[in-house]
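Line by line, the protein sequences give chains S and X.
For the first sequence, position 149 (counting from the first letter as 1) is numbered 149 according to this note's numbering, and the numbering increases by one without interruption.
For the second sequence, position 232 (counting from the first letter as 1) is numbered 232 according to this note's numbering, and the numbering increases by one without interruption.
To be clear, the hints were calculated from the coordinates, so they are not data collected in a lab.
One or more of the hints may lead you astray.
[To be verified] Stretches of chain X that chain S covers, calculated by requiring three or more beta carbons in the stretch to come under 8 angstroms of a beta carbon on chain S:
1) 120-133
2) 152-163
3) 182-189
4) 202-208
The beta carbon of each residue, even a glycine, is placed where N, CA and C say it ideally should be.
Spelled out from the first residue to the last, the chains are:
Protein chains: 2
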Amino acid sequence: MSDQAFVTLATNDSYAKGAMVLGQSLRNHNTTKKLVVLVGPHVAEPCRDALQSVFDEVRVVDVMDSGDTAHLALMKRPDLGVTFTKLHCWTLTHYSKCVFMDADTLVLSNIDELFEREELSAAPDPGWPDCFNSGVFVFRPSNETHEELLTFCGEHGSFDGGDQGVLNSFFNTWATADISKHLPFIYNLSSIAIYSYLPAFKQYGHDAKVVHFLGKVKPWNYSYDAQRGEVSGHSQSPDQSQLHPDYLLMWWQLYAKSVLPLLQKAYGDTPF
Amino acid sequence: MSDQAFVTLATNDSYAKGAMVLGQSLRNHNTTKKLVVLVGPHVAEPCRDALQSVFDEVRVVDVMDSGDTAHLALMKRPDLGVTFTKLHCWTLTHYSKCVFMDADTLVLSNIDELFEREELSAAPDPGWPDCFNSGVFVFRPSNETHEELLTFCGEHGSFDGGDQGVLNSFFNTWATADISKHLPFIYNLSSIAIYSYLPAFKQYGHDAKVVHFLGKVKPWNYSYDAQRGEVSGHSQSPDQSQLHPDYLLMWWQLYAKSVLPLLQKAYGDTPF
Ligand SMILES: O=c1ccn([C@@H]2O[C@H](COP(=O)(O)OP(=O)(O)O)[C@@H](O)[C@H]2O)c(=O)[nH]1
Ligand SMILES: O=c1ccn([C@@H]2O[C@H](COP(=O)(O)OP(=O)(O)O)[C@@H](O)[C@H]2O)c(=O)[nH]1
Ligand SMILES: [Mn+2]
Ligand SMILES: [Mn+2]
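Whenever a hint applies, use it, and build me the whole structure from the sequences.
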């Protein structure tokens with residue numbers, strides 16, 4: 001379907017790597033949808049080139065010069081820069097329906113069935129389960145909604161300082177109005193939930209469709225020994241991590257096999 | 001309404017203290033419903049007396065001699081003793097509708113409106129939010145359902161070793177079928193969720209109606225200095241606890257004011 005797309009976002013080169021892995025995982029599972037990545041102005045040129053070979057559309061979003069409402073809203077809340085960039089996905093009106101996915105997600109099977117859902121469908125957040133997690137959500141592009149979101153954002157800010165707070169305040173009947181807008185948790189399985197209720201993960205986790213590496217430490221903060229096929233400690237805190245080793249390994253295998261070659265081609269001799 | 005009741009459970013004297021605090025908190029908020037506590041055979045006599053002065057009905061449940069199906073199921077899964085005792089609440093058929101509440105919950109306002117909900121209504125579990133937490137749920141007593149639950153339990157066991165696993169497997173459409181069976185999270189606010197997504201707690205927590213002291217460490221594991229009105233460290237791990245200090249203090253204030261006198265009266269000179 002050419003009027004439906006998966007959309008992700010990367011405002012810097014690290015998240016761009018995540019976006020490439022996500023995009024490639026969607027391709028590997030034979031999605032029939034378009035793939036779109038929104039990039040911030042700070043994403044390097046060769047990095048954009050690499051994104052171009054995975055995504056159908058690489059769209060540069062500069063909130064600073066993206067219309068009056070956006071500009072005004074950003075002036076009021078300069079801390080919400082990334083959030084405003086994410087909200088930009090509502091302007092993709094050449095698509096009739098989209099699924100937004102964080103750049104730190106990884107797809108484990110075909111999930112095109114998500115397009116049967118309506119705006120705003122999302123999975124519960126394990127931290128406060130009457131909030132949805134904004135790492136995976138179904139939406140309908142609309143300039144009107146975009147304006148309303150920007151205005152809302154400028155006026156009320158975000159209770160958590162990010163897009164999840166804004167979106168939950170804006171789509172504030174998610175918890176109570178319509179069960180079909182509750183995506184099953186296996187469409188946004190955050191590593192945190194694995195350890196907080198392990199028996200449930202053992203019972204239901206084998207059906208996981210999307211893994212979300214939510215939290216401070218991301219897969220790209222680790223290192224990978226391609227020879228041995230082993231992921232090793234990351235920079236932030238070498239002791240305990242909450243990322244599930246199997247999913248982490250899958251991320252790195254995909255990165256090493258399909259993303260690294262693209263980056264090497266795009267960057268040539270320049271280190272990245 | 002005399003055919004509707006709040007029901008809790010205590011298989012030992014510690015949980016019985018929790019049950020008394022819960023019962024008293026329901027009374028303080030002027031519930032019009034009956035209060036029932038199921039007690040295991042090991043709850044001491046004076047402790048039952050104290051329960052009697054808070055609850056309308058103190059019902060002793062001995063799974064060992066509570067009917068063929070229960071007995072058989074228990075033989076197959078001796079590890080699920082407390083779970084079988086909890087399931088016994090379905091036999092309270094002199095009530096048309098009930099709300100079960102764990103003995104480690106505390107009510108912060110009148111919640112009689114829960115009786116407008118149907119079986120099985122419950123709030124999401126913050127660990128795996130497509131499961132409901134079985135600390136607070138609306139149910140309809142029925143001997144038939146009770147038998148089905150026991151049989152199910154004997155045959156499939158529990159994926160988490162407790163009643164939450166069994167109930168989620170039995171009522172397995174909760175996540176997908178009917179939004180009205182999703183109680184708002186503020187009816188079963190677990191201390192864990194406070195810290196896992198603090199901005200959401202700050203945004204929504206002031207409306208909390210039921211606090212659930214979920215996890216290993218319970219309020220009664222702490223100690224309380226009535227003179228100073230201060231809760232101090234508990235036995236298990238004196239450093240970091242996950243229980244919210246305000247709610248913990250409320251629990252102890254209620255205990256000191258309304259429950260302790262009952263226990264002192266019931267036990268006389270015997271230590272408890
Ligand atoms: O500096 C940033 C931070 C976030 N993001 C995008 O915003 C999403 C949400 O942020 P993140 O995944 O870090 O938040 P979490 O899921 O850990 O709460 C990311 O996946 C990216 O798509 C980005 O592009 N640059
Ligand atoms: O030894 C026990 C354990 C549990 N319970 C009852 O079963 C409920 C569920 O157990 P708990 O609250 O300890 O589990 P959690 O909510 O921490 O998962 C308790 O609140 C009590 O009502 C009990 O009576 N005796
Ligand atoms: Mn994320
Ligand atoms: Mn409990």
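Verification of the supplied hints:
With 9 residues carrying a beta carbon less than 8 angstroms from a beta carbon of chain S, the segment 120-133 of chain X meets the three-residue requirement, and the given coverage holds. Counting residues of the segment 152-163 of chain X whose CB lies closer than 8 angstroms to any CB of chain S gives 3, which reaches the minimum of 3, so the coverage claim holds. Residues of the segment 182-189 of chain X with a Cβ under 8 angstroms from some Cβ of chain S number 4, which satisfies the need for three, so the listed coverage holds. For the segment 202-208 of chain X, the stated coverage by chain S is satisfied: 3 residues place a CB nearer than 8 angstroms to a CB of that chain, which reaches the threshold of 3.
The structure is consistent with each of the numbered hints, conforming to all of them.
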